[in-house]
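K.L.:
If you read the sequences in order, they're chains Y and U.
Using our numbering, read the first sequence as starting at 1379 and increasing by one per residue.
Using our numbering, read the second sequence as starting at 102 and increasing by one per residue.
The hints are simulated quantities; they were obtained by calculation from the structure and are not laboratory data.
Any given hint could turn out to be false.
Unchecked claim - Pulled a few chain U residues facing chain Y out of the computed Cβ check, cut under 7 Å: (1) L145; (2) L147; (3) Y151; (4) D201; (5) F204; (6) A206; (7) G207.
Ideal Cβ positions, reconstructed from N, Cα and C, are used throughout, including at glycine.
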Amino acid sequence: GAGVSQSPSNKVTEKGKDVELRCDPISGHTALYWYRQRLGQGLEFLIYFQGNSAPDKSGLPSDRFSAERTGESVSTLTIQRTQQEDSAVYLCASSLVLAGYYGYTFGSGTRLTVV
Amino acid sequence: AQSVTQLDSQVPVFEEAPVELRCNYSSSVSVYLFWYVQYPNQGLQLLLKYLSGSTLVKGINGFEAEFNKSQTSFHLRKPSVHISDTAEYFCAVSEVNNNDMRFGAGTRLTVKP
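All chains should be modelled from the sequences, with the hints used to inform the complete structure.
P.N.:
See the structure below:
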């Protein structure tokens, strides 16, 4: 597609429920990234994919968080047993190989609210 | 791994005044450097980037940044700001041949009339 698409744009869920966030990267972008942005704070790196491989999972906050990617397309970030501290905007970005050279294209994010 | 420090969390400034947003990075290898802007209730947009060559980089909306290797800095500047420049600005660093990018905590620029 023309840009990075994320869905849903807003999600309100009850504490303890599981949620699934989706990211559809730009066609042809092999690298895909997930970040979390809490209210008034910076971007917190979660995970990145090169193709469907995730070389760096060091940013995932706990074992309640997981992510997968099918080939070089859609990625899903799953949060199990959500907690209130999971409330944030979850941003996805994609890039061509060697992201550092080309920079990222960000999606508009999914605003997650855990009540 | 690389890291970024943005020295000012908030910068208030009057319209038409100059502004500098400071950014320092840490890395043991060569890096690429970026500035992103996030307008209220919008996603992040690339403002400018340094890859190699000239240390002075010009971006969109009249912004520029200068890479200083000895001081490990990449400060963002604009000679005359507008109300519409009010936004959150993020500095980011990526190590050469490394695929992930790390962001600073952001600087909120508020331009007052």
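K.L.:
Taking the hints in turn, state whether each one holds.
P.N.:
Verification of the supplied hints:
Proximity of L145 (chain U) to chain Y holds as hinted, the smallest CB-CB distance being about 4 Å (cut-off 7 Å). Evaluation of the L147 (chain U) hint against chain Y yields a held restraint, the C-beta minimum of about 5 Å falling below 7 Å. The criterion of a C-beta within 7 Å of any C-beta in chain Y is not met by Y151 (chain U), whose closest approach is roughly 11 Å, and the hint is violated. Taken as an interface hint, D201 (chain U) checks out: its beta carbon lies about 5 Å from the nearest beta carbon of chain Y, inside 7 Å.
A distance limit of 7 Å between C-beta atoms decides the matter here; for F204 (chain U) the minimum to chain Y is near 4 Å, and the interface restraint holds. Because the closest C-beta pair between A206 (chain U) and chain Y is about 4 Å apart, less than 7 Å, the hint holds. Below 7 Å, beta-carbon pairs count as interface contacts, and G207 (chain U) has one with chain Y at about 5 Å; its hint therefore holds.
Checked against the numbered hints above, the structure breaks only hint 3 and satisfies the rest.
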